[in-house]
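> From first to last, the protein sequence lines are chains L and B. In terms of the numbering used here, the first sequence has 93 at position 93, counting the first letter as 1, and numbering is strictly consecutive. In terms of the numbering used here, the second sequence has 348 at position 348, counting the first letter as 1, and numbering is strictly consecutive.
Honestly, the hints are just simulated from the structure, not real lab data. From a predicted model like this one, the values you see are computed outputs, not experimental measurements. The C-beta atom is built at its ideal place from N, Cα and C for all residues, glycine as well.
According to the in silico footprint, chain L covers these stretches of chain B (three or more CB under 8 angstroms from chain L): (1) 11 to 20; (2) 40 to 51; (3) 174 to 181; (4) 184 to 194; (5) 248 to 262; (6) 333 to 343; (7) 407 to 420.
Derived pair list, reagent style SDA-like, types lysine to any residue, alpha-carbon separation capped at 20 angstroms: (8) 226(B) / 130(L); (9) 343(B) / 135(L); (10) 279(B) / 12(L); (11) 226(B) / 31(L); (12) 343(B) / 139(L); (13) 55(B) / 82(B); (14) 226(B) / 30(L); (15) 279(B) / 55(L); (16) 251(B) / 234(B); (17) 279(B) / 63(L); (18) 133(L) / 262(B); (19) 127(B) / 243(B); (20) 133(L) / 20(B); (21) 33(B) / 56(B); (22) 426(B) / 115(L); (23) 142(L) / 65(B).
If you want the footprint, here are the derived chain B segments under chain L, 3+ residues with CB under 8 angstroms: (24) 220 to 234; (25) 270 to 280; (26) 368 to 382.
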Amino acid sequence: MVDLDKAQEIIAEYTSLPGGVLECLHGLQGVFGYVPKETIDLIADGFNISRAEVYGVISYYHDFRTSPAGRKIVRICQAEACQAMGSRELTERVEEILGIQTGKTSENGDVTLEAVYCFGNCAISPNLEIDGKLHARVTGEKAAELLKGENA
Amino acid sequence: MTITIYIPRDTASISLGADDVAKKIAELPEDIKIVRNGTWGMTYLEPLVEVETEKGRVAYGPVTVSDVDGLYKAGFLSGADHPLCQGLTQEIDYLKNQERLTYARCGLIDPLSIEDYKNNGGYAGLKNALEKSSQEIVDDVTTSGLRGRGGAAFPTGIKWNTVLAAEADQKYICCNADEGDSGTFSDRILMECDPFCLIEGMTIAGLAVNATMGYIYLRSEYPLAKEILNDAIRIAGQNGYLGSDIQGSGKEFNIEVRIGAGSYVCGEETAMLESLEGKRGMVRAKPPLPAHVGLFGKPTVINNVLTLGSVPVIMEKGADYYKDFGIGKSRGTIAFQLAGNVKCGGLIEKAFGITLGDMINEFGSGTFTGKNIKAVQVGGPLGAYIPPEQFDMPLDYEAFQEAHAVLGHGGIVVFDETANMKDQAKFAFDFCAIESCGKCTPCRIGSTRGSELIERGDFKLMMELCDLMDTSSLCAMGGMTPIPAKSAFEHWPEDFKK
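Only chain B is shown next, with the shape it has when bound in the complex (with noise of 0.2 angstroms):
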């Protein structure tokens, strides 16, 4: 009987070897059927391999090629125990305690297997999208309470009403890929591990405000997510779900990848708009808003990866059901990455609601260097550093504005009691005067200041910069550079004495 072993394909299983470890099993002198899965987010345990029985999929990781003839002799393909195997994979710990809604399928399926991703819900919610009108998707996507997961959480359904009611011979849908925030890599997972998700998305985005076409901005440093991207839009094509007449509707949309050049501000939406039409990303006065003036002149929804990928189970499921996760204005769930010095770093997709604390020691298991954890920065480059003592601020929108810190894009960056935290305030002015687009001077030069008055010890004049930058810059790069430059010195002013 063939026996069927999933091993991840994503760039972070690659990157530790799962690649060679699938060659080295296939290799095996059994009737193995190998499919390349998506994974499941548990990047601790990469490259983690399962193996399907009759009790379910057993998992074993992390793995490498030396471990391989170990397992085989230990019976793992018949799910036999061995030090690493982890039990099935439905019951570890750190899957079953999250609430996945958007990566209900990620780790699951083979990405580009359409029949995998429509036996396990995929395109149920663009087949009842296709039933409504416009106005009634959008109400839906209002009701669902989402709002933009790319970090700036403005409410999803205003956005898509705005674009509906604007009139134009054109409208566009640009899917913000550009995840540059360091410790983030959700889109990326989504991307590499349920393309067909995204593409769904945006196809019910386009039915949603009558645009036709849709490009994803996608940063060169996801050249695998390109690649999955690439062919999941071929695959959709091939079965009817994008093009001219998706299912026999009559509706057209398209969607079409489009490659950054490894600039940090284009993430910014405007900055985006500029890359996509060729141009220098350089940041757009508003208004006129994209909703009304955006890709090229025309109306233009701008929503990140997981917005959209949040938007097939709203259809799905409906606006009720997802509205239902979370707490306060912050509706449905996100997904928090733990990255850094972390020992249990991966994906976890969580209602709102859960405390800082709870996700870095109950999931994370505090550093991976065992050492204690000195500082959090949550929300990417421009995310405050959070201190052990606030450790029970809740992961919400409100909580974290109320504390002057950035929830983001969700990412959370653990450093151990090693970490300068001078470093890190400089290395946030720096930051910004490498990725700086240079159109406003409180960014372009007060960046390099910052760097500089750090460094002569001018800590006063810095706090001053800082209001500066905050309140004059033109975008998030220059307005929030000063955050973890602030918190930094505010929570640790004895590193900045040394």
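Same shape as in the complex, but just chain L (with noise of 0.2 angstroms):
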């Protein structure tokens, strides 16, 4: 069960910020860990806006999830610069550590494994981030180390 009154306390700090939709979904999400289905309602009152323009925005960003992901979240860069360092090749071995494909979670519930279009850190590419902590010119080998574990 989420806690609505919990969600409502969140929501109303962000009502009176001009433009504070994005803001109050990252706070819902900073807390869940995703944005709940039911606070939908609350948000669009909150801010007087379409339930439909909320789902509509929550599901424009990649960001945004509604439904909880694994409890860790691992997220491996698939743009260029990473690209041109083997992220191919890494992609696909820390998809084989794991058990799953990219943008998945394990059926455990343990991890999700997502995509991201660069972190900013191309010169020391590929990276991979696990819960957060970025990591610089991974190798198959270092994934491995970095996620002994992990698989489910």
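Put the two chains together into one complex; each comes in its own frame, and the hints tell you how they fit.
Set out below in structure tokens:
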């Protein structure tokens, strides 16, 4: 059950902020780990916009999700500078280690693997991020070391 | 005596273990003061540890935790020689051969020390600006020849003049910090390593057009920049550099950081405005220009981080000083970023006019893998792939335009001979399909069709599709996606036959 009182409290922090919908969604996702569908009505009421508009914003941006992610979130940069240093092969290796495809969460809910387009760390590519901590110049071997014990 | 040691705290350095190195050095049995400075931009040497000596700051890099004991035994605390020793920081060729105006303080100072900032030229530009009229500030920026460093290269003074002339009860300064191009990180470095420079630039912009509110639209992929900017904004306010009475002038300016949510197209200025207003980041048709009808319908200056970050030095040292750097209509300096498969990647601030080849070979020292270079992509995912035969091209806006290439945000991504250019062309379409805002059909549908045509091997139709996307897309996302795809096909047709 989503704590709707808590959600209401968070939403209220942002409703007076001009154009504050994105900040509000970040706020909710920061607390719940995702934007619960049950909060869409509350957001719509708070900002005086339609439910469709709220859903439109959530679904437009890659960052927002409406269901929980894995307990660990792994992200790999898929953009050109990382490609030039072997990110395609690295991604295959990480998918193999975790036993899931990019964009998926493992069945036991341990880990989510996501694509990112640029961490701005392009001089020391390829880049892989685990729970917000960025690692540069990642080889398949280094990835295996970093993700040890993560395979489902 | 206390020994001062500098260890950078920027995303790149931390991703290579700078925090652990700092911790390890702090445990040494000596009287050590560690300053977490910004990076000098010599990313290939990070973490770059500097020791303050009588001769100056001596650099060691790249330092890992396992190097610290050896460095200590060799006497690095007194600047002694060691295989990792790079000599005096200021004498390292990579840094010495640059022309640093906007990045003059990056690496040198503690990014959150406003005293360091002021002791090194900071807020001298604002002081001068406070003595001038709005029109005089705008005229200075016009005279300096500064053009938008975000990619479109529009003259900044003309944009500011339009906003200054607009009548409104409220105007805004929006800093576009959604640096999404792969191969670019110059905005991140400035925000993390000299945040007051951006804050000062925005404040001067506010005085120039009579705007009292500024927003920094920062990409969510830069969490450390968010933290540092918010700290810097708070410190600037506490010191009377932001707020309702800037340095006793009676002038008001405030800044707020807003975070994007992982959408590349929100780097396009009108999509950014939509996003700042809390909506889907869809591109607006122009006109009206944001200078007339911008954020919340009010006249708005939109500049990127480096454009605004270049303003303090222009106001400090004068428009002519700045204008004297560069060639033709590309005045001043630009921050190039060497990335991808390059041996010495990093940030290089240089006056316009250096050739692409000199940049890659002299600063970059060739590829990281040691193999031959096949292609470089300049200007991000919408920029052309350029073969080594064209490396004598000078890096300036006009020369690139003539060659149907894009200088964009100054990112240079190097690929070695193992790259497959058909894959790169296909990626250009795939990326456009993922990131298209969906408002116009050529971009929304064309991108998917382009990817399919490459898979199918119908390159004649692909080129026709490119022409259509080029001429009928609403913004640069769809309009420029053909550039990487076409350049890959034109220069490396053999890759498309496989």
